[in-house]
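Chains A and B, in that order, give the protein sequences. Following the numbering used here, the numbering of the first sequence begins with 4 at its first residue and continues without gaps. Following the numbering used here, the numbering of the second sequence begins with 4 at its first residue and continues without gaps.
Everything labelled a hint here was simulated from the structure, so no lab data went into it. Please note that a few of the clues may not be correct.
Keeping only pairs whose Cα atoms sit at most 27 angstroms apart, straight-line, the calculated DSSO-like set for lysine-lysine is [claimed, not checked]:
(1) B:Lys450 to B:Lys241
(2) A:Lys264 to B:Lys264
(3) B:Lys29 to A:Lys264
A short, non-exhaustive set of chain B residues, derived as facing chain A with CB atoms under 8 angstroms [as the list claims (entries may be wrong)]:
(4) Gly21
(5) Thr24
(6) His28
(7) Glu222
(8) Met223
(9) Val226
(10) Gly234
(11) Pro272
(12) Ala279
Which residues of chain A face chain B? A partial, calculated answer using Cβ under 8 angstroms [to be verified]:
(13) Leu10
(14) Gly219
(15) Leu237
Glycine included, C-beta positions come from ideal geometry on N, C-alpha and C.
There are 2 protein chains.
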Amino acid sequence: MHGIEFLTDLAVIMVVAGCTTLIFHKLRQPVVLGYILAGLLIGPHTPPFALITDEESIRGFADLGVVLLMFSLGLEFSLARLREVGAAALIATGVEVMLMLWAGYELGRWFGWRTMDALFLGAMMAISSTMLVLRAIHEAGQKQERFARLVFGILVIEDIFAIVLIAVLSGIAITGSVEPGMALATVGKLSLFIVVALILGLLLLPRLVDHVAAEGSSEMLLVTSLAICFGAALLAAKAGFSVALGGFVAGAIVAEAASVKRVEHLVEPVRDMFGALFFVAIGMLIQPGLLFQYIVPVVLVAAVVVIGKTLAVTFGGVIAGNDGRTALRAGLGLAQIGEFSFVIAGVGLASGVISDFLYPIAVAASVLTAFVTPILLRSSDRIADRLHSLLPRKVRSLMIAYAHWIAGLGPVEENAAIAHMLRRLVLHIVINMALVVAVFLGAAWLKPRMLEWLPQWTAGETLRRSLLWSLALFVSMPMLIAAYRKADALGMVLAELGIRDGAAGARTFALRRVLGKMIPLAVLVILAVLVMALGSAILPSREVLLLLLLVAAALAAFLWRSFIQVHARLQAALRDVMQSSRSDG
Amino acid sequence: MHGIEFLTDLAVIMVVAGCTTLIFHKLRQPVVLGYILAGLLIGPHTPPFALITDEESIRGFADLGVVLLMFSLGLEFSLARLREVGAAALIATGVEVMLMLWAGYELGRWFGWRTMDALFLGAMMAISSTMLVLRAIHEAGQKQERFARLVFGILVIEDIFAIVLIAVLSGIAITGSVEPGMALATVGKLSLFIVVALILGLLLLPRLVDHVAAEGSSEMLLVTSLAICFGAALLAAKAGFSVALGGFVAGAIVAEAASVKRVEHLVEPVRDMFGALFFVAIGMLIQPGLLFQYIVPVVLVAAVVVIGKTLAVTFGGVIAGNDGRTALRAGLGLAQIGEFSFVIAGVGLASGVISDFLYPIAVAASVLTAFVTPILLRSSDRIADRLHSLLPRKVRSLMIAYAHWIAGLGPVEENAAIAHMLRRLVLHIVINMALVVAVFLGAAWLKPRMLEWLPQWTAGETLRRSLLWSLALFVSMPMLIAAYRKADALGMVLAELGIRDGAAGARTFALRRVLGKMIPLAVLVILAVLVMALGSAILPSREVLLLLLLVAAALAAFLWRSFIQVHARLQAALRDVMQSSRSDG
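Whenever a hint applies, use it, and build me the whole structure from the sequences.
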């Protein structure tokens, strides 16, 4: 019986995982290592025999673990929290991740590995283990200390970097080569997916979740949340991204619901169960033979991770304006790799672009560094003191002066308000353009399917093309108009700023008007090119197009106010969702 | 990729299940029906196409749902609650289940079905749906009414009957025939399994669970609980019983832990997720074509369930000493079938002893009756009034007189204490005998494996047999001595009761001594025969046996006190576990 085999595997995994985690807890080591050890013990590569009969099923099962881990990460994330973390963490993390990517890549090349292996090694070494660090800081009782806030900020940003890395690497894994243009296109596609998913999701899902939470049972709330989570993961996979990304975006969307705490609470046990399976499945992949063979790279990778991460985070932290002590302690806390490295290695392995030995090396290095983390954290105070006293006086005073300078860099009041307004306007234009792109891509996707679904209605090629194109234009009209209006406002503000009273004498007003219209005009041209380029797959013949454009122009003029209203209503709904969650959460 | 297919299936199931449950919740119908409808919609038997690619995996997944449903049923169960429900519910349920088994069997025969189909139909019709009834009573706000207590009591006992039924039917399904001796042997094996699992489990697991709850994280507690649940299900499956039984026993054991509420809370979401999958998988099995073909049996089965259950529960309830009104309202509340019927049908289908059409009939009948339940419950007050006024006066007064008689039947004080003592002594003897049986069965199981594991030590056949037999005898010595001592006490009490002072004149004392020794002697003989019969598979040659018996006798005499102490300590530990949970829970 298939069912009994599956149950046997699961029972073996749970029993062994239960025992090893109890032992690791007693030894005050991270429970995650217990899971990995459990996987190693019951896996097919350790004598006396494999305790798991259907590895394939367990692997499929464990994939759900990644999705659920990312979902609950998204739940805790929320857009408001991202803003709180601020620019400092973004700069520190950017510097740190780039340095580690480079260090890992160079290390891989120095080993004589292939480009792809070296690239994946760099990615694996770039991201710290959120789970490990959070647990270790909690256990050391350092939650309230200053460096802990920097650590939390870096962890949040690192997770986003990891998402981008996974998406880009998935793209590279499919084509099998590294091309800057390709990577850029992937990032573009990724941004588009995230923006569209976030906006559509935020408009619909938080309301739905809150409705279910208010009306239904816990069971229904759980099923709804899981439906959103798995559905988004599936969409992401269909769009060519990782299921992890889908889970994360779904979590970030549900995080804006007022009842997010209940959802988190309900999803936690499910996540823990599949998370355990995920880590056990990782352990099952370890081949002790390979490990002994590659003992030198393993130790070197672990050493580079510990030393490199400490230095990179310290450097990034200081550049972002933290004092050296805080930055160093944060670096010591982040000196390890973890779950994301496994996900990244899994992406590479699944698509066959990396060598077999990379996975066990990543796991072994993460195990080694994980053992070091609690020790480093506990003695970070002492280490920081020792190193600080070793620094020459000049460097110390230079660092203090730099931190002061950075702290004074923040925009002053009036400028801050204007900068905020400009940022908002540009953001609105970009988001509306992204939505237009999404609408036309959707229409292009629909084109071959329309013929299939509605054969009698859409027999004529011209008719079908005209219909689809008109529909896409009609749906994107509110976004187009909104983008134009925001561009108009942007032009006015910029003209006001650029041409101060009196500088151009009597012609000030006229000059302002001309310059102020330049920007909306440019945006209009860009929008037109965008619509034409995007619609090229569904454009009707030239005569029909001309006719349709005239109709569209007439419609736009006639329904201008209605379109504005529709857009305003949608925007208000979106703002409602995000503000209500912030006040409730 | 295998993983993506699996995720796709799961995403489809969760999204469709989420939608249908929302609709059913709006319509104020049980959510379980929503799951089944979801399964029907995405299943392979409904047009336009099957949305599930890997039905096999989902089925294996859904099996976990049964295990987890039974586990959480066991968690809520607890041995203390069983005692509370009392003998009245036991009698009422016994009468009701027997009546329904008979009615279902006769109905199946009347349809012209095979014996096995008719038997399974009877079993399916005998057990009400705990989930449905609890939810319906909750929704109708009748939790505090008197008939609700009777309903809860019957539901608890019905669940135990269902466990026994499933175990017996599994046994029948394996041999493919109904033999009274075989059924009896199955029940015996079942009781042995339950007693041994309960005692060994109660000695070890509640302490372990409480230890983890106090020391570890929620994640560890969850993994430990799931390990116990799946481990027990696996053991039950290996011993030839259903995984459902294993899950239930595991739940009943963990229910005695002080931290059972936390475990319940943690397991709930996992159970809900897999429970949803279970019901969706059931819906996927429905073939609408078969359903239309068998529309007559479906309606008849549903009608017999509604009318038969109402009458049977009313009859059983009245016999157990309830007033007619309460019994009738309880009957109306229990007039449906549900999840257990699916499990029973699943057992039959998996082993291929029942026909294909039985499953959809059971599901369709349960759907029909499930729609009726909330209506019947809400109007049970009115229906009871109407029917009551229809009864002839004589019958009514007869019923009241009967209820009074039953209420007066309970044992009076002194007798109650003695009866309680006698029951305890007999129970202890039976349990100790069961443990001895288990030890010798374990030794017999070990015999061929010893040769495999320790070939150099156990080369000699005689040596191996002697070693095993001595070990088994040594381990069971505390139980044997305890059984003998309890029998001694039982004999004394019975002699005291049987031969009242003065009845036998001067010889009273002597007679008492003789009669009092009869019972322990009889138990001793039974124990000796038992040990010999059980040990027949591992008995050494006659000369060695004699020698060993002499050594055993000497040991027993020498270590009598130690053995008693060991037993007392184990018993105290067991009592501790059960009492601490009762005071904390």
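Practice task
Using 8 angstroms as the Cβ threshold, decide whether Ala279 of chain B counts as touching chain A.
Solution key: Hint holds; Ala279 of chain B Cβ to chain A Cβ min 6 angstroms, cut 8 angstroms.
Practice task
Hold the hint about His28 of chain B up to the distance rule: shortest CB distance to chain A must be less than 8 angstroms.
Solution key: holds, 5 angstroms
Problem - Restraint check, 8 angstroms cut-off on beta carbons, for Gly21 of chain B near chain A - result: Given a least distance of 4 angstroms, the restraint on Gly21 of chain B holds.
Problem - Hint status (Cβ of Val226 of chain B to nearest Cβ of chain A, threshold 8 angstroms) - result: holds, 5 angstroms
Problem - Hint check: 8 angstroms Cβ-Cβ cutoff, Gly234 of chain B to chain A - result: holds, 5 angstroms
Handout entry: chain A contact restraint for Pro272 of chain B - C-beta distance below 8 angstroms
Key = holds, 5 angstroms
Practice task
Sort out whether Lys264 of chain B lies within 27 angstroms of Lys264 of chain A, counting only the CA atoms.
Solution key: holds, 20 angstroms
Problem - Hinted contact Met223 of chain B with chain A - closest CB pair below 8 angstroms - result: For Met223 of chain B, the interface hint holds, since the closest Cβ of chain A sits about 5 angstroms away, which is under 8 angstroms.
Exercise for the section: Mind checking the alpha carbons of Lys29 of chain B and Lys264 of chain A for me, to see if they're no more than 27 angstroms apart? Expected result: Distance of about 24 angstroms is within 27 angstroms: holds.
Handout entry: Glu222 of chain B as chain A interface residue, shortest Cβ-Cβ below 8 angstroms
Key = holds, 4 angstroms
Problem - Proposed interface contact between Gly219 of chain A and chain B, which counts if any beta carbon pair is under 8 angstroms - result: holds, 5 angstroms
Problem - Pair hint Lys450 of chain B and Lys241 of chain B, alpha-carbon separation not exceeding 27 angstroms - result: holds, 18 angstroms
Hint compliance for this structure: every hint is met.
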